[in-house]
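Order-wise, the sequence lines are chains C and B. Reading the first sequence from the start, the letters are residues 1 to 190 in my numbering. Reading the second sequence from the start, the letters are residues 1 to 145 in my numbering.
Accuracy of the hints is not assured; some may be wrong.
[What the hints assert, rightly or not] Restricting the straight-line Cα-Cα distance to at most 30 Å, the calculated cross-link-like pairs of lysine-lysine (DSSO-like) are: (1) K19(B) <-> K141(C); (2) K74(C) <-> K19(B); (3) K35(B) <-> K19(B).
Hints in this document: simulated from the structure, not taken from any laboratory.
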Amino acid sequence: MQITYGEKTTLPFGLYDDLSSYRHEVFVGLLGWDLDTPEGIEQDQFDRQDTVYVVARTDEGNINGCARLLPTTKPYLLGEVFPELLNGLTPPSSPEVWELSRFAAVDVSAAPTSTRGQLSSPIAVSLLKNALQTAASYGAKHIITVSPIGIERLLRHAGFRAHRAGPPTVIGGHPLFACWIDIELSDLSL
Amino acid sequence: MQYSSAIEPHRKGPSDLLKVSHDGYVRMTRYVLLKLPLIHFLSGLDEDSLHLPMHGGMESTISGYTEWLSSSVPVVSIGWDWRLNLMTGVLRYEREGWPRSNVMIIDAENGRDVGDDATAEMIALRLEHCSWEDEIRKQIAVRYA
Numbered sequence: 001m002q003i004t005y006g007e008k009t010t011l012p013f014g015l016y017d018d019l020s021s022y023r024h025e026v027f028v029g030l031l032g033w034d035l036d037t038p039e040g041i042e043q044d045q046f047d048r049q050d051t052v053y054v055v056a057r058t059d060e061g062n063i064n065g066c067a068r069l070l071p072t073t074k075p076y077l078l079g080e081v082f083p084e085l086l087n088g089l090t091p092p093s094s095p096e097v098w099e100l101s102r103f104a105a106v107d108v109s110a111a112p113t114s115t116r117g118q119l120s121s122p123i124a125v126s127l128l129k130n131a132l133q134t135a136a137s138y139g140a141k142h143i144i145t146v147s148p149i150g151i152e153r154l155l156r157h158a159g160f161r162a163h164r165a166g167p168p169t170v171i172g173g174h175p176l177f178a179c180w181i182d183i184e185l186s187d188l189s190l
Numbered sequence: 001m002q003y004s005s006a007i008e009p010h011r012k013g014p015s016d017l018l019k020v021s022h023d024g025y026v027r028m029t030r031y032v033l034l035k036l037p038l039i040h041f042l043s044g045l046d047e048d049s050l051h052l053p054m055h056g057g058m059e060s061t062i063s064g065y066t067e068w069l070s071s072s073v074p075v076v077s078i079g080w081d082w083r084l085n086l087m088t089g090v091l092r093y094e095r096e097g098w099p100r101s102n103v104m105i106i107d108a109e110n111g112r113d114v115g116d117d118a119t120a121e122m123i124a125l126r127l128e129h130c131s132w133e134d135e136i137r138k139q140i141a142v143r144y145a
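With the rest of the complex left out, here is chain C (with noise of 0.2 Å):
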């Protein structure tokens, strides 16, 4: 597997359009959300041009993994979208704390599994662990996600350390929750 990250502008040529394409496959076509979205890729208002990407392939170059990064000190999905997750606490302000959003680790050219066979795969925590690596390296000492409540329970099993930053809520049908994620570099061997 192959680890790429860098911001719209300085990843490898046609990659963005290539993740744009594949988030639209999982995030869409697999995992059924209703987004407002051009045909066939999938982007929002979040994709900026200082918006971090982490995208995994596979050793043939088909994207099998990603995750968006973005700083909380501009406009992102949980300050934005779903600050009521929050538990009443104002949305996280910091160039030490980024969220992540648009996390996937799943090979839609492979055979299908369960989803939470998918995202407790080695990928899916590899990804992760790189994610916050690149985090990290632009000054991030915590991770904030909107997520299923599902991901709590994963990030548990792999070893992160988590803890929920607010009840769940149903939302669209699915159970969301605000998650922290503490960034500790000496767990994050590769």
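Given chain C, work out where chain B should sit, using these hints.
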């Protein structure tokens, strides 16, 4: 997944002093945790834990998760995994792993955090004093009957 709609009327108590910290934790002493009423919010089965009977027997891996809330503001949120033990001849719901929460227990004397691991252990003790098994049995029966 099954949601509960019944919310008990809020009564004044130690939990009225709770605040949410900037790191998302709701800090409280062990005493407050023990007195904190919890309300079932939702429960569900793990989608990949259901196995059809095989060779005349039943796989003993039915498992799921459950989420409980306080009626306080800020809301205290506690969730944990459970497993249905079919091996003893009596169906028993057993907690699996440590609870997950937004709680941080503090030492009553010095106000210091006791840490995530110690907090999880104290929450697990708290759960022994609530009849969560009966509630899950009811919720799962309604949802998956």
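Please write out, lowest number first, the hints stated earlier that are contradicted by the structure.
-> No numbers; nothing is violated.
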